[in-house]
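Generate coordinates for the entire structure from the input sequences, incorporating the hints supplied.
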Amino acid sequence: MTDPKSSAPVELLTFRLSDQEYSLDIMCVREIRGWTRTTPLPHAPSYMKGVINLRGTVLPVMDLAERLGLPPREHTDRNVIIVVKYEETMTGLLVDAVSDIIALTSADLQPPPDAASAGGPGVIKALTLLDERMIRVLELSEIVPTPQSDAA
Amino acid sequence: MSAPDPMAEIRASFFIECEELLEALQDGLEAMADDSGDLETINVVFRAVHSIKGGAGAFGLEGLVRFAHRYETVLDAVRSNTLVADGDAIKLFFRAADHLSDLVRESRDDGILPEAEGNAILTELDALLGDHGVAEEDEAEIEFQPLGLSLDLGLADLPAPAPARFTIHFAPEPELYETGNEPYMILRALAELGSCEVTCLTDKVPQLTEFAPEASYLKWTVVLTADVQEAEIVSIFEFVDGLCALTIAPIPSDVPAPQDVSNDPLPELPEMPDLPDLTPPPAPAAEPEPAQPPAPAAKAKATPQSAAKSVVRVDLDRIERLVNLVGELVINQAMLSQSLESSGLSPHSDAMNGLEEFQRLTRDIQDSVMMIRAQPVKSLFQRMSRIVRECSAAVRKDVRLVTEGDTTEVDKTVIERLSDPLTHMIRNAVDHGLEPTQNRLAAGKPEQGVVKLTAAHRSGRVIIEVSDDGGGINREKVKQIATDKGLIAADASLTDTEIDNLLFLPGFSTASEVSDLSGRGVGMDVVRNAIQALGGRITITSTPGEGTTFSISLPLTLAVLDGMVVQVAGETMVLPLNLVIETLTIDHSNLEQTRPGLNVVRVRGEFVSLFDLGVELGYRSAQDSYLDAVVLLIADEGGSRAALIVDEIQDQRQVVIKGLDESFYRAPGIAAATILGDGQIALILDPSDIIAQAQGSTLAIAPNLMELTS
Amino acid sequence: MSLNILAVDDSRTMRDMIRLALEPAGFTVTTADDGVHGVEVLSGIAPDAIITDINMPRMDGFGFIDAVRGQHKHRATPILVLTTEAAPELKARARSAGATGWIVKPFDPAKLIKALQMVAG
Numbered sequence: 023m024t025d026p027k028s029s030a031p032v033e034l035l036t037f038r039l040s041d042q043e044y045s046l047d048i049m050c051v052r053e054i055r056g057w058t059r060t061t062p063l064p065h066a067p068s069y070m071k072g073v074i075n076l077r078g079t080v081l082p083v084m085d086l087a088e089r090l091g092l093p094p095r096e097h098t099d100r101n102v103i104i105v106v107k108y109e110e111t112m113t114g115l116l117v118d119a120v121s122d123i124i125a126l127t128s129a130d131l132q133p134p135p136d137a138a139s140a141g142g143p144g145v146i147k148a149l150t151l152l153d154e155r156m157i158r159v160l161e162l163s164e165i166v167p168t169p170q171s172d173a174a
Numbered sequence: 003m004s005a006p007d008p009m010a011e012i013r014a015s016f017f018i019e020c021e022e023l024l025e026a027l028q029d030g031l032e033a034m035a036d037d038s039g040d041l042e043t044i045n046v047v048f049r050a051v052h053s054i055k056g057g058a059g060a061f062g063l064e065g066l067v068r069f070a071h072r073y074e075t076v077l078d079a080v081r082s083n084t085l086v087a088d089g090d091a092i093k094l095f096f097r098a099a100d101h102l103s104d105l106v107r108e109s110r111d112d113g114i115l116p117e118a119e120g121n122a123i124l125t126e127l128d129a130l131l132g133d134h135g136v137a138e139e140d141e142a143e144i145e146f147q148p149l150g151l152s153l154d155l156g157l158a159d160l161p162a163p164a165p166a167r168f169t170i171h172f173a174p175e176p177e178l179y180e181t182g183n184e185p186y187m188i189l190r191a192l193a194e195l196g197s198c199e200v201t202c203l204t205d206k207v208p209q210l211t212e213f214a215p216e217a218s219y220l221k222w223t224v225v226l227t228a229d230v231q232e233a234e235i236v237s238i239f240e241f242v243d244g245l246c247a248l249t250i251a252p253i254p255s256d257v258p259a260p261q262d263v264s265n266d267p268l269p270e271l272p273e274m275p276d277l278p279d280l281t282p283p284p285a286p287a288a289e290p291e292p293a294q295p296p297a298p299a300a301k302a303k304a305t306p307q308s309a310a311k312s313v314v315r316v317d318l319d320r321i322e323r324l325v326n327l328v329g330e331l332v333i334n335q336a337m338l339s340q341s342l343e344s345s346g347l348s349p350h351s352d353a354m355n356g357l358e359e360f361q362r363l364t365r366d367i368q369d370s371v372m373m374i375r376a377q378p379v380k381s382l383f384q385r386m387s388r389i390v391r392e393c394s395a396a397v398r399k400d401v402r403l404v405t406e407g408d409t410t411e412v413d414k415t416v417i418e419r420l421s422d423p424l425t426h427m428i429r430n431a432v433d434h435g436l437e438p439t440q441n442r443l444a445a446g447k448p449e450q451g452v453v454k455l456t457a458a459h460r461s462g463r464v465i466i467e468v469s470d471d472g473g474g475i476n477r478e479k480v481k482q483i484a485t486d487k488g489l490i491a492a493d494a495s496l497t498d499t500e501i502d503n504l505l506f507l508p509g510f511s512t513a514s515e516v517s518d519l520s521g522r523g524v525g526m527d528v529v530r531n532a533i534q535a536l537g538g539r540i541t542i543t544s545t546p547g548e549g550t551t552f553s554i555s556l557p558l559t560l561a562v563l564d565g566m567v568v569q570v571a572g573e574t575m576v577l578p579l580n581l582v583i584e585t586l587t588i589d590h591s592n593l594e595q596t597r598p599g600l601n602v603v604r605v606r607g608e609f610v611s612l613f614d615l616g617v618e619l620g621y622r623s624a625q626d627s628y629l630d631a632v633v634l635l636i637a638d639e640g641g642s643r644a645a646l647i648v649d650e651i652q653d654q655r656q657v658v659i660k661g662l663d664e665s666f667y668r669a670p671g672i673a674a675a676t677i678l679g680d681g682q683i684a685l686i687l688d689p690s691d692i693i694a695q696a697q698g699s700t701l702a703i704a705p706n707l708m709e710l711t712s
Numbered sequence: 036m037s038l039n040i041l042a043v044d045d046s047r048t049m050r051d052m053i054r055l056a057l058e059p060a061g062f063t064v065t066t067a068d069d070g071v072h073g074v075e076v077l078s079g080i081a082p083d084a085i086i087t088d089i090n091m092p093r094m095d096g097f098g099f100i101d102a103v104r105g106q107h108k109h110r111a112t113p114i115l116v117l118t119t120e121a122a123p124e125l126k127a128r129a130r131s132a133g134a135t136g137w138i139v140k141p142f143d144p145a146k147l148i149k150a151l152q153m154v155a156g
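Residue numbers (our numbering), protein chains in the order written: chain A, 23 to 174; chain B, 3 to 712; chain C, 36 to 156.
Check the hints yourself; a few may be wrong.
[To be verified] Some but not every residue of chain B turned toward chain C, in silico, with C-beta under 10 angstroms:
{"#": "1", "residue": "GLU180"}
{"#": "2", "residue": "ASP317"}
{"#": "3", "residue": "SER339"}
[To be verified] Below, simulated DSS-like cross-link-like pairs (lysine-lysine); rule was C-alpha separation at most 30 angstroms, straight line:
{"#": "4", "chain 1": "B", "residue 1": "LYS221", "chain 2": "C", "residue 2": "LYS146"}
{"#": "5", "chain 1": "B", "residue 1": "LYS399", "chain 2": "B", "residue 2": "LYS447"}
{"#": "6", "chain 1": "B", "residue 1": "LYS414", "chain 2": "B", "residue 2": "LYS447"}
{"#": "7", "chain 1": "C", "residue 1": "LYS108", "chain 2": "C", "residue 2": "LYS149"}
{"#": "8", "chain 1": "B", "residue 1": "LYS414", "chain 2": "B", "residue 2": "LYS479"}
{"#": "9", "chain 1": "C", "residue 1": "LYS108", "chain 2": "C", "residue 2": "LYS146"}
{"#": "10", "chain 1": "B", "residue 1": "LYS481", "chain 2": "B", "residue 2": "LYS447"}
{"#": "11", "chain 1": "C", "residue 1": "LYS108", "chain 2": "B", "residue 2": "LYS221"}
{"#": "12", "chain 1": "B", "residue 1": "LYS206", "chain 2": "C", "residue 2": "LYS108"}
{"#": "13", "chain 1": "B", "residue 1": "LYS93", "chain 2": "C", "residue 2": "LYS149"}
[To be verified] Label pairs and their computed distance ranges (CB to CB):
{"#": "14", "chain 1": "B", "residue 1": "LEU327", "chain 2": "A", "residue 2": "GLN132", "range": "44 to 50 angstroms"}
{"#": "15", "chain 1": "B", "residue 1": "ASP7", "chain 2": "A", "residue 2": "ILE124", "range": "44 to 50 angstroms"}
{"#": "16", "chain 1": "B", "residue 1": "VAL314", "chain 2": "A", "residue 2": "GLU96", "range": "53 to 59 angstroms"}
{"#": "17", "chain 1": "B", "residue 1": "THR409", "chain 2": "C", "residue 2": "SER131", "range": "40 to 46 angstroms"}
{"#": "18", "chain 1": "C", "residue 1": "SER78", "chain 2": "B", "residue 2": "VAL314", "range": "22 to 28 angstroms"}
{"#": "19", "chain 1": "B", "residue 1": "GLY62", "chain 2": "A", "residue 2": "GLN132", "range": "57 to 63 angstroms"}
{"#": "20", "chain 1": "A", "residue 1": "GLU154", "chain 2": "B", "residue 2": "VAL528", "range": "55 to 61 angstroms"}
{"#": "21", "chain 1": "A", "residue 1": "ASP122", "chain 2": "B", "residue 2": "LEU327", "range": "54 to 60 angstroms"}
{"#": "22", "chain 1": "B", "residue 1": "THR201", "chain 2": "C", "residue 2": "ASN39", "range": "32 to 38 angstroms"}
{"#": "23", "chain 1": "B", "residue 1": "THR201", "chain 2": "C", "residue 2": "SER131", "range": "53 to 59 angstroms"}
{"#": "24", "chain 1": "B", "residue 1": "PRO378", "chain 2": "A", "residue 2": "GLU96", "range": "56 to 62 angstroms"}
The hints are simulated quantities; they were obtained by calculation from the structure and are not laboratory data. For glycine and all other residues, C-beta sits at the position ideal for the given N, C-alpha and C.
This is how it looks when you write it as structure tokens:
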């Protein structure tokens with residue numbers, strides 16, 4: 023999918039998870055909300071933080087760091103929920119803090135070496151460098167289950 | 003939005019009409035079957051099929067037209083008393099109606115028409131008519147060619163043949179005028195074909211004294227020069243054929259035209275407007291008796307529309323949106339109430355009085371909106387009558403379906419989702435509920451078994467019952483099967499109700515040999531799950547030798563729920579109020595430990611297993627002591643009961659149900675969610691699921707969840 | 036030329052089709068659901084021509100034509116019968132009831148318009 027020669031413009035929302043820089047294609051981001059208390063779901067996997075009220079609909083929220091297998095940490099007031107839409111599913115992703123919106127071209131992105139993907143194969147779809155910092159570009163379809171995928 | 007295609011809209015509307023017509027057909031046939039119909043009944047039945055044929059023809063649905071036409075032919079014979087519809091014929095009519103309904107559905111979805119089945123039914127239908135019918139059939143079929151309707155109104159220009167000339171003699175009879183035909187129009191139509199020389203023969207017109215206003219005195223001779231075939235001229239006279247003396251004769255081409263008309267395309271046309279003056283006057287102007295204007299005027303005031311019930315068709319999406327918005331309104335109202343109440347305003351202040359009024363209005367709006375989605379269960383019941391017919395034929399039992407309360411209204415979504423579980427229950431009733439014919443006769447029962455399907459509103463819920471007059475549940479056998487399958491201990495002592503409820507266990511099937519009807523891997527457990535998913539309960543009652551009744555109790559709508567709001571481990575949760583039997587507090591007198599890890603609470607002499615909801619949900623670990631804990635005694639659909647420990651009961655109120663996206667993660671014990679007055683989400687519990695998770699199966703083995711210290 | 040047409044048919048589909056065929060051609064169409072309704076509607080309008088179905092509840096097409104012809108002002112109002120059968124006896128019966136002409140369903144819009152212009156101008 024990532025053709026290194028093409029130079030299509032890409033806008034990424036960058037954010038921090040456990041002192042690492044990650045990013046998502048801005049096109050799938052619907053909004054960014056401050057942290058609110060979630061209503062926990064019984065017996066849910068630990069990355070499932072629960073559900074919140076997003077203007078009248080029930081939005082599931084997952085802790086992205088835990089989802090990616092990063093160590094758990096305390097929530098602070100700087101934590102935000104990035105509301106993303108993948109296919110027809112809306113999901114809230116809890117991240118430590120949002121950093122920036124960066125504009126690149128697809129030529130700036132490079133495929134990750136296999137070992138670099140922390141959350142298992144496919145979660146990191148590309149890497150890029152910004153001011154000598156490595157930014158991981160996440161593949162949303164690998165994070166947010168689609169309606170077809172198994173319900174636990 | 004793209005511009006709506008009018009043909010597509012009419013097509014959609016045609017299929018909606020078909021549903022109504024099929025319903026009327028079904029009703030009519032049922033009336034014929036139990037002899038409760040009258041003379042009009044067969045007409046209604048005939049018209050239903052006839053109208054489906056008519057519409058289908060307009061859309062070029064040939065398969066549908068062909069079947070409807072031959073079905074209609076047989077019904078017409080019944081209507082005209084040349085065929086007597088006996089019981090077998092009516093059964094066949096039912097099958098034909100079922101097939102017609104399949105054809106309608108397949109035609110609508112552009113599916114494949116089940117031809118073989120249709121042909122078999124048609125053969126039987128034709129057989130009813132004997133030789134006569136078949137002969138008539140062939141003729142009629144040629145005559146009725148379905149025509150795909152195109153709305154391209156431009157008439158194709160035919161290639162012009164060489165101009166021909168015709169002499170037309172036309173002498174109207176009085177009947178021509180009586181049927182509303184008009185020579186002027188005919189002459190004008192001729193003039194449109196080409197150039198006309200019209201001569202009006204007035205020699206028959208009498209003196210005024212002898213003039214009869216209704217008689218026909220005028221004749222016309224027309225010489226037409228036009229690029230047309232004779233058939234085209236004949237077609238102009240189609241409606242008056244037989245109502246006039248008419249000759250059309252081509253003039254041989256070697257006879258010269260009287261003048262060169264082609265230079266002057268329509269020389270006769272200016273004369274045409276004079277013609278009406280010459281026609282006899284059947285017109286109102288020559289009316290002998292005076293009209294009575296006041297009467298029609300008064301009649302016109304009673305508007306024509308008043309007779310027809312006014313109906314608006316609305317896209318379901320719009321209703322969904324309205325339902326959602328009303329849900330928001332309810333939540334917002336609750337939030338407003340909460341903040342006003344905590345603001346310390348006097349209950350007698352204007353704001354609080356206004357709030358009360360607002361609450362009442364909100365409730366009314368909510369009820370009204372829910373009513374929009376309500377539909378009578380009739381269509382559902384009619385589908386079931388088909389299931390009974392097909393199913394009884396398959397197991398060779400004579401079964402009659404009796405329905406009651408089919409005008410009972412239920413939320414559309416509920417109706418749709420009831421179809422599968424009801425189908426299964428009806429099949430069960432026919433297949434397992436009713437005994438084989440020889441057993442019925444031996445028991446002194448009529449050969450024909452009865453399956454009864456009823457619907458009624460009872461205290462804010464809908465009760466749907468499926469009952470049979472069969473042999474009742476064979477409890478010995480049920481218990482044996484449950485024991486064999488390891489579902490219960492061999493020495494378990496169970497009440498009749500408990501045995502009956504074993505039917506709802508996953509994988510249970512009473513049929514010792516799996517028949518092709520019920521043995522489809524769907525058990526009553528699936529039925530129960532489906533009913534529970536609708537917020538309903540299902541119960542069984544059975545009397546040996548007299549039959550079995552399954553009773554389903556459903557909420558009127560899926561959108562709201564009467565709930566009990568409780569606190570559990572710091573979380574606010576909602577329990578469906580209909581499942582809560584009573585609340586109690588634990589003390590030394592009612593708490594017992596039957597064995598280590600299994601605590602029970604004694605309620606009026608009965609022992610009920612006790613669970614800590616917070617522990618069951620994984621929200622906390624077991625408490626040290628449950629003395630003085632608040633307990634909700636709940637009963638699930640199967641009648642099995644449980645006692646749930648909660649921290650606090652907060653409120654009883656109606657909550658708006660919000661679905662949980664379960665593609666992500668399906669939380670056990672949770673049915674849905676709602677939004678509370680403070681904007682927080684509260685989960686709605688599914689107590690049966692909790693009990694099932696905790697118990698494993700029916701046996702009351704609770705996990706080791708508490709230690710009692712006291 | 037804008038003609039006022041009264042169309043009487045118990046099938047909503049047919050009423051819609053007639054409307055769809057005639058309105059783009061400049062006709063004004065009023066509809067009624069059956070014979071009884073047709074007579075009621077007729078008292079409030081003055082159509083240039085009437086189209087009626089035969090098989091209808093409450094009052095069928097023959098009864099309706101009778102009722103229309105029975106009103107003096109409609110003695111000469113053109114009436115077209117919509118029928119699925121082209122059977123001669125049906126035509127004869129329609130005519131003896133006073134129908135001006137007939138259209139065989141499923142109708143072709145162009146033919147319907149032509150027939151209406153033929154009988155009503």
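Evaluated hints:
no.	hint	verdict
1	GLU180	holds, 7 angstroms
2	ASP317	violated, 17 angstroms
3	SER339	violated, 46 angstroms
4	LYS221/B with LYS146/C	holds, 28 angstroms
5	LYS399/B with LYS447/B	holds, 14 angstroms
6	LYS414/B with LYS447/B	violated, 38 angstroms
7	LYS108/C with LYS149/C	holds, 24 angstroms
8	LYS414/B with LYS479/B	violated, 39 angstroms
9	LYS108/C with LYS146/C	holds, 27 angstroms
10	LYS481/B with LYS447/B	holds, 26 angstroms
11	LYS108/C with LYS221/B	holds, 25 angstroms
12	LYS206/B with LYS108/C	holds, 27 angstroms
13	LYS93/B with LYS149/C	violated, 45 angstroms
14	LEU327/B with GLN132/A: 44 to 50 angstroms	holds, 48 angstroms
15	ASP7/B with ILE124/A: 44 to 50 angstroms	holds, 47 angstroms
16	VAL314/B with GLU96/A: 53 to 59 angstroms	holds, 57 angstroms
17	THR409/B with SER131/C: 40 to 46 angstroms	holds, 43 angstroms
18	SER78/C with VAL314/B: 22 to 28 angstroms	holds, 26 angstroms
19	GLY62/B with GLN132/A: 57 to 63 angstroms	holds, 59 angstroms
20	GLU154/A with VAL528/B: 55 to 61 angstroms	holds, 60 angstroms
21	ASP122/A with LEU327/B: 54 to 60 angstroms	violated, 37 angstroms
22	THR201/B with ASN39/C: 32 to 38 angstroms	holds, 34 angstroms
23	THR201/B with SER131/C: 53 to 59 angstroms	violated, 32 angstroms
24	PRO378/B with GLU96/A: 56 to 62 angstroms	holds, 58 angstroms
When each numbered hint is compared with the structure, violations occur for hints 2, 3, 6, 8, 13, 21 and 23.
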